[in-house]
Amino acid sequence: MHGSSTSSDSWIAEAMMFSKNPRDPWFRTIKTAEGEILNAVLLDKHNSISTIAHEILHLYGLTDLYGTPTGPGNLSLMASNADALLSYEKWVLGWFPENQVQCIVEATEIKPTQVSTRIKIPNSNTDQIVVINSDVSGQAMIIETYPSGTSTYLAFYSLNNEARPPITMHTPQLGLPGSGLIISNTSGVGAQLLSPKYNLLVSDKTTSEITLDLIPKGQLSSASALISAAEANRARIQQETASQVDSVGTKPKSNKKSIVCVKGKTVRKISAVKPKCPSGFNRR
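Per UniProt numbering, the sequence shown runs over residues 1 to 284.
Because the hints were derived from the structure by calculation, they are not lab data. It is possible that some hints are incorrect.
[Said to hold, decoys possible] Listed next, with one range per pair, are the computed distances between beta-carbon atoms: (1) Glu36 <-> Ile56: 14 to 22 angstroms; (2) Gln244 <-> Pro196: 35 to 43 angstroms; (3) Ser222 <-> His46: 55 to 63 angstroms; (4) Ser224 <-> Pro112: 16 to 24 angstroms; (5) Asn74 <-> Lys257: 52 to 60 angstroms.
Since the model is a prediction, treat every value here as computed from it, not as a measurement. Ideal Cβ placement from N, Cα and C applies to all residues, glycine included.
Could you build all of it, start to finish, from the sequences and the hints given here?
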């Protein structure tokens with residue numbers, strides 16, 4: 001439903017879900033000549049495509065993610081006007097392949113007496129999700145990797161369906177609130193994302209997989225060897241990257257020589273290590 005208000009003080013964009021329950025007269029369906037409307041978006045004036053999409057996605061089950069400094073910001077349309085959704089939101093909508101999702105049960109697969117729980121994620125150009133199910137209904141922790149432009153990012157956040165907003169981003173150790181961590185460059189390995197309960201350490205990265213360690217807060221004092229190994233892996237990656245750059249920069253020059261060959265009015269330039277004129281051509 002689209003209004004025509006021109007007032008600068010007027011701003012309504014609201015998803016509305018109606019009911020056929022006769023005991024609920026406030027939310028009765030909208031009757032039209034074509035039939036009843038159960039779900040609708042109310043706009044008091046022209047709005048942007050992102051606002052309309054945001055409201056429509058409410059009708060598909062997504063909730064608002066704005067209102068706190070720890071929300072996903074530009075990682076989700078439900079938190080801002082960004083042209084993006086969290087991979088978890090895509091999964092909720094059924095838009096995400098199940099073979100790109102890993103599930104971990106916190107109560108049985110994460111031991112608080114262990115220094116860490118190791119998690120391996122494919123290093124690919126597609127989104128990947130790890131869902132850590134809590135024993136508290138409606139709560140979980142989510143790890144996801146996602147490509148953006150030429151970079152790959154890592155995000156770590158908590159989900160609490162009873163909270164508003166229900167998602168809290170966990171900040172990189174040296175990062176801004178509500179941000180992901182770039183892991184496609186040489187500085188990603190060795191970095192940590194911090195939550196109240198765990199630190200997520202990026203331990204290693206190869207062309208095929210990303211290795212993470214989920215460290216309980218109570219085990220941080222015992223995790224120095226893990227952290228040192230991650231820092232050593234970062235140094236290794238930086239050295240490998242520098243060697244690749246050097247090998248490109250010192251590529252040997254070509255030993256090719258060029259000669260000019262003629263046949264009547266036809267002239268050809270021949271380039272080779274040992275150039276020869278084609279049959280019937282003479283070297284100029």
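Evaluated hints:
no.: 1; hint: Glu36 <-> Ile56: 14 to 22 angstroms; in the structure: holds (19 angstroms)
no.: 2; hint: Gln244 <-> Pro196: 35 to 43 angstroms; in the structure: holds (40 angstroms)
no.: 3; hint: Ser222 <-> His46: 55 to 63 angstroms; in the structure: holds (59 angstroms)
no.: 4; hint: Ser224 <-> Pro112: 16 to 24 angstroms; in the structure: holds (18 angstroms)
no.: 5; hint: Asn74 <-> Lys257: 52 to 60 angstroms; in the structure: holds (55 angstroms)
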